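Protein chains in written order, with my numbering: chain A, 232 to 481; chain B, 19 to 190.
Check each hint, because a few of them may be wrong.
Here chain B is said to cover these stretches of chain A; the calculated rule only asks that three of the stretch's residues, wherever they fall, bring their Cβ under 8 Å from a Cβ of chain B [unchecked claim]:
#, segment
1, 321-327
2, 385-397
3, 406-418
4, 446-454
No wet-lab data here; the hints were simulated from the structure. Predicted model only: the values in this text are computed from it and were never measured. Idealized CB from N, CA, C, for every residue including glycine.
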Amino acid sequence: MKGGAKVVVEPHRHEGVFIARGKEDALCTLNSSPGKAVYGEKLISVEAPPSEDGTTSKIEYRVWNPFRSKLAAAILGGVDGIHIVPGAKVLYLGAAAGTTVSHVADIVGPSGCVYAVEFAHRPGRDLINMAKSRTNVIPIIEDARHPLKYRMLVGMVDTVFADVAQPDQARIVALNSHYFLKNGGHCVISIKASCVDSTASPEAVFAQEVSKLKTENFKPKEQVTLEPYERDHAVVIALYRPPKKSKSKD
Amino acid sequence: MSFFVLYESASGYALLEVMEAEEVGSLLEEVQQAVLDPQRFCRTVKLKGFQPFTTAENALENVNAISEQIVTDDLKNFLEMNLPKVKKSKSASFQLGCIEPGLASAIQDRLGFPCRSDETVKEIIRGIRVHFHRFVKELDGGVGEKAQLGLGHSYSRAKVKMNPARSDNMII
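Take these sequences, add in the hints, and give me the full structure.
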């Protein structure tokens, strides 16, 4: 992030996410382990507002690259709500090496937590190392297809985020949600059309995945494509076990 | 006929007695409300016993066994201590609910307790997962998450280390 002292950091519409305004604008999150970058991303340090006794301190942010993170791309794509907010508990399926997980951990902060599930061992090692310096990340090296295997490690969560790039992704999300997602919680799914069905048109694949979610007691809320950051990708957000609208105001 | 459920947490095993369970229509709005309301839920489900793991090694041993559907000696002792005694001549007067069908049959084979694992058990365990810190007061205020954090790290580290080839297990 060039621009030196000129950089000003403003809160984003989504709580816990920030925008750094410099020569170019960049999405960023508050670094919960200051001084350390997780995957070589840029760090931005700005003066904090002076405290009551007049001492100044620095606050550090990490730049969040939408080309590397589908969640960041969805935010820049103008998604209405990511349902990942300070204090939230998130089940993250397909954590990979933990690059996006580290930003999610920054957003939920010390009062929230992220259960990061990854099956492959090689990125899993990086994930565990990242989690060492972030105590709100609980690394789980296990197959997301078998949520019962890690049932002892996971509590009830507010949001399930999935980026597993598997043909049966909707089923995997539903399976996990039945055990761990609270009523009225949300799932945020990143869908790569070619991973589900490489012959159908992307729009048809997205519609098909949404209809699968509907049969599993999800109510689709919104869908954004990740252009220009990813091709033929969409993020779908759905509400799980929506509360019935019975009493008018209560 | 009494009905118990086994709940495995990162901190230890818990046995809860279900006073009344809705066998059908567990997704109905009213039943869901009863599960979500802590007071109503704590009235229908009562904690019978809780056994915390003694050490981190002990917890790791149990989580590994549970994920492979194996009954450990800890679990065996815990269940035998807290469930009503079964007389040899008569069949047991209770049922044990277990979320994992594989573990349910393992318990049934090894200990002879009649087990069940169905949608009702699943919904009750969902409720317990929401309210667990209310049943075991020691786990309130983030202590439960601490246990999950520690256990998650040791479970995952063991998994990664166990692969001597240091290569990915690809899904085919």
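Could you work out which of the previously given hints the structure breaks and list their numbers from low to high?
Hints 1 and 4 are the ones this structure does not satisfy, whereas the remaining hints hold.
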